[in-house]
Amino acid sequence: MFIEVSWLGRGGQGAVTASRLLARALAKEGMWAQAIVFFGAERRGAPVFAYNRISDKPIKYHHFVYKADVMVVFEQTLLDLTDGYKRLKDDAMIIINYAGDITKSRLRMNTYKIAKVDATSIVLDLGLLVAGIPVINTAMVGAFARAMGMPSIDSIVTAILETWPGKIGELNAEAAKRAYNETEIIKK
Amino acid sequence: MFIEVSWLGRGGQGAVTASRLLARALAKEGMWAQAIVFFGAERRGAPVFAYNRISDKPIKYHHFVYKADVMVVFEQTLLDLTDGYKRLKDDAMIIINYAGDITKSRLRMNTYKIAKVDATSIVLDLGLLVAGIPVINTAMVGAFARAMGMPSIDSIVTAILETWPGKIGELNAEAAKRAYNETEIIKK
Amino acid sequence: MPKTILDELIEAGEYLLPGHTACPGCGSVIALRHVLKALGKDTILVIPASCSSVYQAIYPKVSINVMIYNVAFASAAAVASGISQALERKGFEDVNVVVWGGDGGLIDIGAASVSGAAERNENIFVICYDNEAYMNTGIQRSGSTPPGARTTTTPIGKIVGFKKPMAYIMLMHGVPYVATANVAYPTDLYEKVKKAKSIKGFKFIHIFTPCPPGWRFDDSKTIEVARLAVETGYWILWQAEYRHGRIHFELSPPSRPYLDASKRKPIEEFLKFQGRFSKITEESVKKLREWIEYQWSIAKRFLDMSAQK
Amino acid sequence: MPKTILDELIEAGEYLLPGHTACPGCGSVIALRHVLKALGKDTILVIPASCSSVYQAIYPKVSINVMIYNVAFASAAAVASGISQALERKGFEDVNVVVWGGDGGLIDIGAASVSGAAERNENIFVICYDNEAYMNTGIQRSGSTPPGARTTTTPIGKIVGFKKPMAYIMLMHGVPYVATANVAYPTDLYEKVKKAKSIKGFKFIHIFTPCPPGWRFDDSKTIEVARLAVETGYWILWQAEYRHGRIHFELSPPSRPYLDASKRKPIEEFLKFQGRFSKITEESVKKLREWIEYQWSIAKRFLDMSAQK
Amino acid sequence: MAIYDVITGNDAAAWGARLSKVEVIAAYPITPQTTIVEKLAEWVEKGELNAKFIAVESEHSAMAAVIGASAAGVRAFTATSSQGLLYMIEMVSWAVGARTPVVMAIVNRALGPPWNIWSEHTDALMTRDTGWIQFWAANNQEVMDSIIQAYRVAEDKKVLLPAMVMLGGFVLSHTAMPVKIHDQNKVDQYLSPYEPPHYVLNPKISEAFAYGNILFPWDYAKVRLSIEKAMRNAVDVIKRAAKEFHEIFGIWHGDLIKEVNTDDAEIVIFALGAVAEQAEATLEVLRRNGIKVGVAKIRVFRPFPKEEIAKIADKASHVIVIDRDISFGWDGILAGEVKATLHEYKVDTPVTTKIMGIGGDDILPEHIEKAVKEVIKK
Amino acid sequence: MAIYDVITGNDAAAWGARLSKVEVIAAYPITPQTTIVEKLAEWVEKGELNAKFIAVESEHSAMAAVIGASAAGVRAFTATSSQGLLYMIEMVSWAVGARTPVVMAIVNRALGPPWNIWSEHTDALMTRDTGWIQFWAANNQEVMDSIIQAYRVAEDKKVLLPAMVMLGGFVLSHTAMPVKIHDQNKVDQYLSPYEPPHYVLNPKISEAFAYGNILFPWDYAKVRLSIEKAMRNAVDVIKRAAKEFHEIFGIWHGDLIKEVNTDDAEIVIFALGAVAEQAEATLEVLRRNGIKVGVAKIRVFRPFPKEEIAKIADKASHVIVIDRDISFGWDGILAGEVKATLHEYKVDTPVTTKIMGIGGDDILPEHIEKAVKEVIKK
Amino acid sequence: MSKSEEHLLLPISHPTKGAGGKTGTWRVFKPVIIEEKCIKCMMCWMYCPDAAIEVSSRQEVPRVNYDYCKGCLICYEVCPVKAIRKEREV
Amino acid sequence: MSKSEEHLLLPISHPTKGAGGKTGTWRVFKPVIIEEKCIKCMMCWMYCPDAAIEVSSRQEVPRVNYDYCKGCLICYEVCPVKAIRKEREV
Ligand SMILES: Cc1ncc(C[n+]2csc(CCOP(=O)(O)OP(=O)(O)O)c2C)c(N)n1
Ligand SMILES: Cc1ncc(C[n+]2csc(CCOP(=O)(O)OP(=O)(O)O)c2C)c(N)n1
Ligand code: SF4
Ligand code: SF4
Ligand code: SF4
Ligand code: SF4
Ligand code: SF4
Ligand code: SF4
Ligand SMILES: [Mg+2]
Ligand SMILES: [Mg+2]
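Going line by line, the protein sequences match chains C, Z, D, Y, F, G, U and V. Counting from 1, one number per residue, gives the positions in the first sequence under this note's numbering. Counting from 1, one number per residue, gives the positions in the second sequence under this note's numbering. Counting from 1, one number per residue, gives the positions in the third sequence under this note's numbering. Counting from 1, one number per residue, gives the positions in the fourth sequence under this note's numbering. Counting from 1, one number per residue, gives the positions in the fifth sequence under this note's numbering. Counting from 1, one number per residue, gives the positions in the sixth sequence under this note's numbering. Counting from 1, one number per residue, gives the positions in the seventh sequence under this note's numbering. Counting from 1, one number per residue, gives the positions in the eighth sequence under this note's numbering.
Because the hints were derived from the structure by calculation, they are not lab data. Just so you know, these numbers come straight off a predicted model, no measurement behind them. It is possible that part of the hints are untrue.
Unchecked claim - Interface residues of chain Z toward chain Y, partial, derived using beta-carbon atoms under 10 Å: (1) Gly11; (2) Gly12; (3) Gly40; (4) Gly127; (5) Val130; (6) Ile133.
To be verified - Taking lysine to aspartate or glutamate pairs in the EDC-like style, the calculated list, with each CA pair at most 16 Å apart, reads: (7) V:Lys22 to Z:Asp80; (8) D:Lys41 to G:Asp362; (9) D:Lys200 to D:Glu88; (10) Z:Lys60 to G:Glu207; (11) Y:Lys158 to G:Glu45; (12) C:Lys60 to F:Glu259; (13) Z:Lys67 to G:Glu366; (14) U:Lys17 to D:Glu14; (15) C:Lys67 to F:Asp362; (16) C:Lys60 to F:Glu48; (17) D:Lys158 to F:Glu45; (18) G:Lys315 to G:Glu259; (19) D:Lys158 to F:Asp362; (20) F:Lys222 to G:Asp362; (21) Z:Lys188 to Z:Asp90.
Claimed, not checked - With beta-carbon atoms standing in for the labels, derived distance ranges: (22) Y:Glu11 to D:Thr281: 41 to 49 Å; (23) G:Val285 to F:Lys239: 44 to 52 Å; (24) Z:Ser152 to Y:Glu14: 47 to 55 Å; (25) Y:Glu8 to F:Lys46: 43 to 51 Å; (26) G:Asn50 to Z:Lys188: 48 to 56 Å; (27) Z:Tyr66 to G:Lys180: 47 to 55 Å.
C-beta atoms are modelled at their ideal positions from N, C-alpha and C, and glycine is treated no differently.
Make a model of the complete structure from these sequences and hints.
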């Protein structure tokens, strides 16, 4: 097994943390996972790239992911803004945070597998905001688990609670669980 | 021709300047002369070593003088204090600033050629003191000219006046001239 | 209608171009906008490593429409000295050579070069925007961080020292002009920069500029937080000129009421908005109160002094 | 007969051993003698590049009988911080960690590390002996050189800036203890160091120490020159403690009379002994007078402040 | 009990320092080093690590403070990158003359101007003359383990020199991967508390002395050359440290070098840190294509493992050195030293310098493959 | 009209700057560099040199100030030694990225601790990766002339890099010897006023722009490699500068290298600066003893004259490199680069490193003779 | 750049509006000025960190440039007459 | 030092009287205390830069240690009762 994941978010949304959480959760299930980040000169709001490499044996590669098997998109505009499609394998899966009717989105529905979740609403509902910005990262990890069938949502919850013991952790775990449950796999 | 000179003084007495003046005066007569200095960690009062190498053609050596043909000594004690004799050729000339009867000195009169001058008195007489210390360097250059027969006292005076235009220069030129005249060559 | 400062500000145009890369609600860029309006086109900004080296945007574009020279962290005041002397040597006298840097660059690592340039009375401006931590590297404590504030190197708000009173320190250098400013009072800031422009020699301006992500408050509250700093007496606005052995010190209008301590709002009002103080201990609050008292006690002394002249 | 300070000084023994390599008449070593008497055996001197790195003598011997750590020029206050924290970590609380350095090392190149250690309130002493130039390298101008003094980099006495008022600058930092001293008043110095010893945290002492070769005066006049600095009002002796938001400032007895400007001797008396001022211009003398006025104006303000407490 | 976790290289560095029970930390923030320091500050403030954290005002002061602390007899730690390393270089060099065995993590980053925060090795390589022992870590486990080993080596009485541990900026520093965090007891068994040499800067336990006053040339030359002797001694100490580490923890990162498939290799690639591991990862593809390539991961750059390098190169028909660095007007820095070594050992295997990845330019497997194929074509 | 005088190396350096009509000088005192700066300060204060002298508060600021001045379009100069050079090294490296063609004299001195003020080359060699052009002067005439040439080279539009001129501490800096001080008109003819490149930091004569903001890796890598191109261009520019200097002033110090008796030499000695001249002086005795020795005085260390060195070594049967420096855990620095070069050029002449003169330890003719004789015995 | 000038790659940046991209896509809420309510005090203009409120004289109602407004809502907060409302965007 | 410890050449200096040599040879003039005149005020002792005036209690007349006196004559200058005279030496 060798899966490459690409995360597309904005400074402040927590894409980097998401990829690390995912790696940690996968490790709990015996997987070897790397979480990589491309730091631009990010102020809050600028696009942020993060990646994972997942395998059943140690990975020694140290470059970015250029053709992802899975892309987790925090906001539709980012895909256009960053030429995201170019960095996808032909049969890749896109997991997207999207509120409305996905068929009305600008997504290239024909080309890729698609899973969607309205993470922003989940998170606003839970009051998970930092300095006014809804932090949807844990929710998106939950969505990943659902869309990819790994890791288990339990491992994710454990990883979240380890990372933030206490109230914040619980809220985030809740966000992940809800997203896990609410993710729709539009196209497989 | 290849002559190596060693100057023995104390911080504040101007041995370094003396060796440079000598080189400059010699250059006026077409000679090639180097003036080298060993800087210890000199505060005022500590022993200071300076050297010359003199030749009729360019010198490319860059080390100190270990066996001098001529040693100019600003103060008798320095010879003992610094093991000065070890740094002399067997038939070297010692030019010393000494006030009294040289035969009463601790100098090894038998081994070396000796010239003496009472530079301190000359200089005190002229009021050539810096911060209380009699500065005998120009006088000793005058003594050198007399003892070694080169350079001419005129070249020395010119070099002095170039170095310190004005009153100070004249006083120093006077010191050099007096020393030139008063130097006794005890043993040749 | 007579021309007001507001008209002047509008007519001055924008040297800070929209579409820069500062965070939403950044106090530092608000200050920079007005500083540049006062300085005008004939300006060279010397910028040490800081948020401003980043928010000006990335090669091959830049979001600031005056000359910018980005320099190493500790070097700004010295680079500016070199530029200023070179221009003088070439006969260009009326160019503003301006260091625009953060508290870390000018109050910590670059303190010796700022102090050295001040002592030599170089003909430069040193303008420090103070967001009270190393923001560009992710909110580490600086020498300008107030006691009790949480940063990533004081994660539970340990008291290390004392916010370094840089403007007073510069004042002691006996340089021609020193002032403090605050982004909530842009016309005061604008006038101070104009004033500084009219003076030859070393000018130091210290601007209070809240930082929403670094202080953990909502982006929209920048001005409110900044204003509270003045109203609680935490940040005092003043300017001072040194002339012939005397310091002429004056409180700026927004701070005048607070000379009377009873007029000041309680410090808690300033603290409560900011996540960095959310777990502040009573001990730290006491330290902060002492710090405020200290700042005012100095200001008062200088006020008398000027009165006495 | 009751024990006087003089008895104390005698009983303290000598930590500065005879046969060191300072120049005859060196003011710095006179000060060091008394500083060491006050500090005693449990002391580590951290010495940046300066005359003191040389006058302590050459390996394998040393002329000072307390622990000495010679360090790079700009690093002294930071090295001392590290030592102090290490000793605290190991449970040794009553060791004096003392920076002993010159004006160049502590007021110029090392200013940021001194200021940083002060801001962090490290438990160290920083003692600056001020001979008003870089003496060890042969009398170049420093930020502490008075206007009009000839040095090898200001060979005809060009006015560059302003002698940096370092003690006032340190005072502004709000550190527990700041004082000035003068080698002509060794008991005053001794008592100040003793006082500083009793205080935990950052202590700064600025000592005026004439240098015969650097200032070009006769070796025997060191004390006279030093005393004239006080009597002309050029050097003001004071000490100040910071406690809970307040500075407690007091003039030391030798300087008290000169609060009244009319009691001060004319500055020319101080200048005339010194070759470095032999060609001083009227303009420079004016600058010097302004500087003196400035120093006193600040002292006065702080005096009132303490009176007011 | 050891914990497995997925952590960044910077967290691994912080863990290395924590497990080594450092007593004084002084550091100054700089991207990408910051999170090392933040982690340590957090542990100290929360009482999980019994150390002093000094939030100094510059890197020069950071190194100064750890030198002071080390001289006063404690184990001291710092970390930096790029400009920060250059800003402190006077003190970096000083730590050697002071013989203070501090350990420093360097998160490699390019130098300005223009500003660039990404990975490049030139920063740490610029300090290669100073007398610091240099470890280059290829992955996060090695980061942590090398810091622990570095203290063993640095503090060894035969060595007494400071040591650096390098990790690539972002490539390792901000990349999370599985790491085994060792059991404290085992680390204690491996690394005893720091015992300073026969002098300590503490008047309560040592007689007065002075360190560092002027030495005349003849004495100075001896003292400096004694540093070279210590450096030579370090070779064996490093080997032993790696061996015992393996015995206790079961982990082997190599000692001076870690060789991968060099035995039968016609082409050997030499590289440092994560770049070497990237080359290692690429091997598989190349070997699959029938190209006999091996990788020599240079783990210790100072003392430079001349003998080992000469041996490896001797067996191969071509050497490729990948340098994520450049010495302008000269060569890749590692390449230069490999070439010099081969000349010294009379090994005439040709060496090709490949400068790659400057300023964080991503090094892809394709780049390495291409380099290998070019050499084959020749 | 040219003047002959007997002056120290430091005075010669000051004269070099003066004749080059430098416009801004910023410097900080350090033994043994001080008298360069004192001389310049004196000329400026007396109005003999129309320049600004900035008495900065540290070396970091000295280099910062000359970078600023150069960027604003003037010719700038500084000088330092040892600790001072290390203290400013961040800015030394910065000047290259800033492409400011400043010239700096380095009076070589050993590094502390312990304190030592005497000659050693390690200080300047530690900056060899930064991208500065490096001239090493063998005598006082060459000190002066190299500074003038350095401005020609540094400011050349094909180069635009800063340049250092090295002189041995005390050995040259404080040793007086005859020097021809050139006629200003001739120097003006040789060296035109500094014309900055297409941007100048002066809003009165140039449009607004920013220099130095962040570059992404792909752009950064190109920009850094362009520095390497400039360094390569420098080779020809240096040669031309030396040639024209010879034409105008009748003085030839060599260009990249000055060869002495290498033609028929069996043993060639490579060395830098006054050490090389010391070796040259020793030749006479050795040749008298029938030993065929030559000396290659390496005048330019960056760009490193690989081709020239390979050629010279190829003709000889043994090379001795005298290093007044040491890179701990490695080799003499010049020796290392010579060895690497020979490997690259497939020259198998053996190379012997001789580390001598550390911390000002005097290098005597006997030491050099001994080194040669040892090689012969082998 | 010609090949021969490659050694002189001076990375100079030019002042450009939108150098950091159309930052307007960063917003969660956007401010909307209610013309009728506005008293043209220019507080919103004065405090906008992004120079994203445009005005050429005091006689005009300021306009938000949504390409560059980052939605910090400082303008909303400082408007003395509540002439600005916020609208959810994402 | 044994061969095996050569790598550990830590140049430590030990406190020693006369570390800089017998500095007394530097003198031009030397101070001589005139016992009869001395009022034991200890000013000379207090100000001697070289700690070359010795005294163990206030009851004694101080003694000059000529091995280390550098002849600066500060003592001569500060003596309030002119109980010190100077004598030419070189
Ligand atoms: C020598 C050096 N050390 C550290 C850094 C890393 N650094 C860049 S910006 C910065 C923080 C700047 O803080 P401040 O000056 O307060 O400006 P702010 O980021 O808060 O705007 C730091 C530590 C650097 N660039 N150079
Ligand atoms: C980084 C660095 N720059 C310069 C020097 C050279 N230096 C040594 S001592 C000294 C002057 C010290 O002046 P100050 O601190 O006033 O002490 P003083 O010599 O006057 O006692 C200088 C410039 C140095 N050692 N290190
Ligand atoms: S971190 Fe703070 S100071 Fe920096 S750009 Fe963002 S808001 Fe402004
Ligand atoms: S130069 Fe001055 S300060 Fe230095 S040792 Fe001599 S007298 Fe003392
Ligand atoms: S929301 Fe912020 S950025 Fe947008 S216009 Fe208002 S103040 Fe400007
Ligand atoms: S702040 Fe409000 S009232 Fe004032 S100009 Fe802006 S919208 Fe109009
Ligand atoms: S002359 Fe100077 S050194 Fe000698 S005893 Fe008197 S004060 Fe001391
Ligand atoms: S100063 Fe004079 S009176 Fe006082 S103790 Fe010394 S010799 Fe006696
Ligand atoms: Mg800041
Ligand atoms: Mg001084």
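So, going through the hints one by one against the coordinates:
Interface hint at Gly11 of chain Z: satisfied, since its Cβ lies 8 Å from the closest Cβ of chain Y, which is below the 10 Å cut-off. Against a cut-off of 10 Å between C-beta atoms, the interface hint on Gly12 of chain Z holds, since the closest Cβ of chain Y lies about 7 Å away. At its closest, the beta carbon of Gly40 of chain Z sits 8 Å from a beta carbon of chain Y; the interface hint therefore holds under the 10 Å criterion. Against a cut-off of 10 Å between C-beta atoms, the interface hint on Gly127 of chain Z is violated, since the closest Cβ of chain Y lies about 14 Å away.
Because the smallest distance between the Cβ of Val130 of chain Z and any Cβ of chain Y comes to about 8 Å, under 10 Å, the interface hint for this residue holds. With its C-beta approaching chain Y no nearer than about 9 Å, Ile133 of chain Z sits inside the 10 Å limit, and its interface hint holds. At roughly 13 Å between alpha-carbon atoms, Lys22 of chain V and Asp80 of chain Z fall within 16 Å of each other, so this suggested pair holds. Restraint check for Lys41 of chain D and Asp362 of chain G: the C-alpha separation of about 58 Å exceeds 16 Å, so the hint is violated.
Distance restraint check for Lys200 of chain D and Glu88 of chain D: the Cα-Cα separation of roughly 12 Å lies within the 16 Å cut-off, and the hinted pair is therefore satisfied. A threshold of 16 Å between alpha carbons decides the hint, and for Lys60 of chain Z with Glu207 of chain G the separation of about 53 Å lies outside it, so the pair is violated. Only pairs whose Cα atoms come within 16 Å are accepted, and Lys158 of chain Y paired with Glu45 of chain G is accepted, the gap being roughly 7 Å. Among the hinted pairs, Lys60 of chain C with Glu259 of chain F is consistent with the structure: their alpha-carbon atoms are about 15 Å apart, no more than 16 Å.
Proposed proximity of Lys67 of chain Z and Glu366 of chain G is supported: the alpha carbons are some 14 Å apart, at most 16 Å. At roughly 11 Å between alpha-carbon atoms, Lys17 of chain U and Glu14 of chain D fall within 16 Å of each other, so this suggested pair holds. Under the criterion of a C-alpha separation no larger than 16 Å, the hint pairing Lys67 of chain C with Asp362 of chain F is consistent with the structure, at around 14 Å. Between Lys60 of chain C and Glu48 of chain F the alpha-carbon distance is near 32 Å, which puts this suggested pair outside the 16 Å criterion.
The suggested pairing of Lys158 of chain D with Glu45 of chain F holds, with an alpha-carbon distance near 7 Å, which does not exceed 16 Å. For the hint linking Lys315 of chain G to Glu259 of chain G, the alpha-carbon distance of about 13 Å falls within 16 Å, and the restraint holds. Between Lys158 of chain D and Asp362 of chain F, the direct Cα distance comes to roughly 40 Å. Violation of the 16 Å bound is thereby established for this hinted pair. Note on Lys222 of chain F and Asp362 of chain G: the hinted pairing holds, with a Cα-Cα distance of about 13 Å set against a maximum of 16 Å.
Proposed proximity of Lys188 of chain Z and Asp90 of chain Z is supported: the alpha carbons are some 13 Å apart, at most 16 Å. Remark: the range hint 41 to 49 Å for Glu11 of chain Y to Thr281 of chain D is upheld by a beta-carbon distance near 46 Å. Distance hint check for Val285 of chain G and Lys239 of chain F: the Cβ-Cβ separation is about 46 Å, which falls inside the suggested range of 44 to 52 Å. Range check, Ser152 of chain Z to Glu14 of chain Y: Cβ separation about 54 Å, and the 47 to 55 Å hint holds.
Checking the proposed 43 to 51 Å range against Glu8 of chain Y and Lys46 of chain F shows it holds: the Cβ atoms sit about 47 Å from each other. Separation of Asn50 of chain G from Lys188 of chain Z is about 54 Å and conforms to the stated range, judged on CB atoms against 48 to 56 Å. Distance hint for Tyr66 of chain Z and Lys180 of chain G: a CB-CB separation of about 30 Å, inconsistent with the stated range 47 to 55 Å.
In terms of the numbered hints stated before, the structure departs from hints 4, 8, 10, 16, 19, 27, listed from lowest to highest.
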